[in-house]
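Line by line, the protein sequences are chains A and B. Sequential numbering from 0 applies to the first sequence in numbering that gives the first Met the number 0. Sequential numbering from 0 applies to the second sequence in numbering that gives the first Met the number 0.
Be aware that one or more of the hints could be misleading.
[To be verified] Only some residues are given here: those of chain A computed to face chain B with a beta carbon under 8 Å:
hint: 1; residue: M32
hint: 2; residue: F34
hint: 3; residue: F47
hint: 4; residue: W83
hint: 5; residue: E88
hint: 6; residue: I162
hint: 7; residue: D166
hint: 8; residue: I168
hint: 9; residue: A193
hint: 10; residue: R222
[Unchecked claim] From the derived model, a few chain B residues whose C-beta atoms are all more than 12 Å from chain A:
hint: 11; residue: R42
hint: 12; residue: V199
hint: 13; residue: A350
hint: 14; residue: P395
hint: 15; residue: R415
hint: 16; residue: T448
In case anyone wonders, no lab produced these hints; they're calculated from the structure. These numbers were taken from a predicted model, which means no experiment stands behind them. For every residue, glycine included, the Cβ atom is placed at its ideal position computed from N, Cα and C.
There are 2 protein chains.
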Amino acid sequence: MFEPSSYRDRRQALRIALPGALILLPGHDEAPMDFRANVYPFRQDSCFRYFFGLDRPGLVGLIDAETGEDWLFGDDPGIDATIWLGETERLAAAAERVAVRHTAPRAHLADRLARAIAAGRAILHPPSYRAETRQMLDGLLAGQAAGDPDGRLAGAIVALREIKHPDEIAEMERGLAVTRDMHHAAMVLTRPGAREQEIVGQVEGLVRSAGLRFAYQTIFSGRGEILHNLRYDRTLAAGELVVHDAGAWSAGGYATDITRTIPVTGRFDPVQAQLYDAVLRAQTLAIALCRPGVRFLDIHLAAARVLVEALCDLGLFRGDPDRIVASGAYALGFQCGVGHQIGLDVHDMEALGEDAVGYDGATRRSGLFGLRSLRLAKPLRLGMTVTIEPGLYFIPQLIAMWRAERRHRDMIDYDRFEAFAGFGGIRIEDDVLVTPDGSRVLGPPIAKTREEMAGVMAG
Amino acid sequence: MFEPSSYRDRRQALRIALPGALILLPGHDEAPMDFRANVYPFRQDSCFRYFFGLDRPGLVGLIDAETGEDWLFGDDPGIDATIWLGETERLAAAAERVAVRHTAPRAHLADRLARAIAAGRAILHPPSYRAETRQMLDGLLAGQAAGDPDGRLAGAIVALREIKHPDEIAEMERGLAVTRDMHHAAMVLTRPGAREQEIVGQVEGLVRSAGLRFAYQTIFSGRGEILHNLRYDRTLAAGELVVHDAGAWSAGGYATDITRTIPVTGRFDPVQAQLYDAVLRAQTLAIALCRPGVRFLDIHLAAARVLVEALCDLGLFRGDPDRIVASGAYALGFQCGVGHQIGLDVHDMEALGEDAVGYDGATRRSGLFGLRSLRLAKPLRLGMTVTIEPGLYFIPQLIAMWRAERRHRDMIDYDRFEAFAGFGGIRIEDDVLVTPDGSRVLGPPIAKTREEMAGVMAG
Chain A
0 MFEPSSYRDR RQALRIALPG ALILLPGHDE APMDFRANVY PFRQDSCFRY
50 FFGLDRPGLV GLIDAETGED WLFGDDPGID ATIWLGETER LAAAAERVAV
100 RHTAPRAHLA DRLARAIAAG RAILHPPSYR AETRQMLDGL LAGQAAGDPD
150 GRLAGAIVAL REIKHPDEIA EMERGLAVTR DMHHAAMVLT RPGAREQEIV
200 GQVEGLVRSA GLRFAYQTIF SGRGEILHNL RYDRTLAAGE LVVHDAGAWS
250 AGGYATDITR TIPVTGRFDP VQAQLYDAVL RAQTLAIALC RPGVRFLDIH
300 LAAARVLVEA LCDLGLFRGD PDRIVASGAY ALGFQCGVGH QIGLDVHDME
350 ALGEDAVGYD GATRRSGLFG LRSLRLAKPL RLGMTVTIEP GLYFIPQLIA
400 MWRAERRHRD MIDYDRFEAF AGFGGIRIED DVLVTPDGSR VLGPPIAKTR
450 EEMAGVMAG
Chain B
0 MFEPSSYRDR RQALRIALPG ALILLPGHDE APMDFRANVY PFRQDSCFRY
50 FFGLDRPGLV GLIDAETGED WLFGDDPGID ATIWLGETER LAAAAERVAV
100 RHTAPRAHLA DRLARAIAAG RAILHPPSYR AETRQMLDGL LAGQAAGDPD
150 GRLAGAIVAL REIKHPDEIA EMERGLAVTR DMHHAAMVLT RPGAREQEIV
200 GQVEGLVRSA GLRFAYQTIF SGRGEILHNL RYDRTLAAGE LVVHDAGAWS
250 AGGYATDITR TIPVTGRFDP VQAQLYDAVL RAQTLAIALC RPGVRFLDIH
300 LAAARVLVEA LCDLGLFRGD PDRIVASGAY ALGFQCGVGH QIGLDVHDME
350 ALGEDAVGYD GATRRSGLFG LRSLRLAKPL RLGMTVTIEP GLYFIPQLIA
400 MWRAERRHRD MIDYDRFEAF AGFGGIRIED DVLVTPDGSR VLGPPIAKTR
450 EEMAGVMAG
């Protein structure tokens, strides 16, 4: 939680951006797992949390740019809630902590919206990625003009949320202190014969012991070529590389997103070292290129070029590196984007639409395999926080498919690529703040060079 | 996973119970957390899993009691899924593992159902507790007779699922071996000055290291009078009792549900010991009373009577214990039910409706506070698995409310009850199988008497 005034200021800024608008921001209800009463750990909607701060289910916020009023609709807990879940702050008291003066029972919302609709006002609300929210909105707004048809609500929210306040940065860095501990613990535990799930369990236990949860499901796999591998069923073998992609969700609800690639024995073999250092060079360059006004697309392509050069040195690609990048051939080794915005969400604001967050009128999404997965392409702004996460991935099924389709045959030596089936993957990822002069890697240092990791693993 | 034939046999049993029916069983899709791509750990719908076995998103099962056919609708993963999530078994191969011969793309389902509807067939499906499923069904079945209007589908499913096969019992006992380790670890870690969240983290880490998740969110609290307290933000103090209610979800998807109440110092004071032993006597009696044909309601009332006697001894209740139970006054100390069915779900089959699972024509739900929370009241059957979890809870807000309303003033000494504000709660819970002659506590022994717990805590 930040100061009450910070939430008021955010709502005020949204009002200024959308004069006259009536903005409906539904919070989340509980998410049922296998029946209604057995729910997943509660996670608040990020837009609601950004503007209304409160981290409990069953609330709806309303920002009125005509009257200047803020409303919170929700119900005070009854005795049953107290018996089962403990004392919960009354809504009016909670609202005070986020500088909201008007509260009303949840049942009053329908009437309030009906009056606004009758008065001819359009109701803006973000797209809903949870069916519960869609159903609620369908009930409240049936047949009425509502939503965000021209995207101006999403645009206004993105313009605010993508610039992080120093308090938000401090919160992310508190989360990163725990994430650092997670990654160093995983390095210490990694050894031949260890089971992936054993290490995941210990690392997750550490985060839970800090009173936190995860920003996303942990990746910890000796099959790191699978970009989001969520299986931990293998036993680690000497010679493998483990991709460990994991981040705590800070107490204040901010995501962190860090990847390290750990050699199971503590040492890289010569080819692993060559490729690891290439990914690290690509990451270092990409971080160095971050500054206000630079297109993230160009940073992606610069990182890709470093990776291509390394693969040319090993004979996997041949020809002009610029052409290998421009043609999209590079994506046989680097299939995803070099990063994305991060904040309350690990892919920050993605609920508002990937293009609304990462693209603008001047920067359109590419249709090319690889580049089409780039979540952020538009120019960076001062105060943005982004991940920088280049990687190399040798995916046997993809290599076989491209070979069969004879894609980019002049630039790709498929025999050599196929020799890397079983190599796995390498990813190195940090969270980075765009500063006036360039960028700053957030959080305490996390071992990243081969030497630093060997030091941590040696204990 | 059980043998393919076990799933075929289950579907066949459902066909026999519902001659001519066309039964639609939607599996779960992923559950978005803060945006569509950032999902909670996948949890399959339990009815789908019981009849179709497969533990992956995006599937729908169809059981046709007219033709005798079983169908699985779903899509084979494409190259993008392979890149991001790894190789996934093709649907036809997966279907073979659960003895389903007919598979089709997900898009064929609408046509298949439309033809059935055109042929005048009603489509039975269970109620949906996830909005995603409701929306999908609304789209597929709009305006058509469907659902389970007379409850015969729920009745047939409950009649099958509530009798556990020896393979299911073995699976629950594998889960309970991990749950035993969790509870013993928590006992060892509990000490004055420990933070609740530290212990929760270590216990959860242990479960994750075993490759498992939780059947429900852990309760570990020195404020055990809050029945489902999900906060772990306190530091444990000497003299407190900690209620630890936690259970692993077995690898095969079966819930376990165990509670122990741990004295922070390892020793109970005399009043704590007196009440602890009363709860243990109530639990021992309730377990002993379980056998086929005995109404669970009567077991609940017998356990309540033991608790009432102990509170009479301490002067909190006065008068005839039978009257204190019959009037509902007992619920000031014991607000919930003595147990519930357990299986794939921690409250097994509750998605089908609490009354469909726990009540029958002869046993109707009471409206009395306390008794109305009893999830299972009907007679036990051979092969059922239930929790037995009596408890005592001193809830200051509830005591104050009843006192203000002058409820049961002749039987309750409110001054003495109020003296127990701050005592917290005691709950002791095991998972029990109904056997031909009585019952059997499932899983390996978990320290439960004061002496056994002191032994574990002493290391």
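* Could you tell me which of the numbered hints above are not met by this structure, giving the numbers in increasing order? => 3, 5, 6, 7, 8, 9, 11, 12, 13, 14
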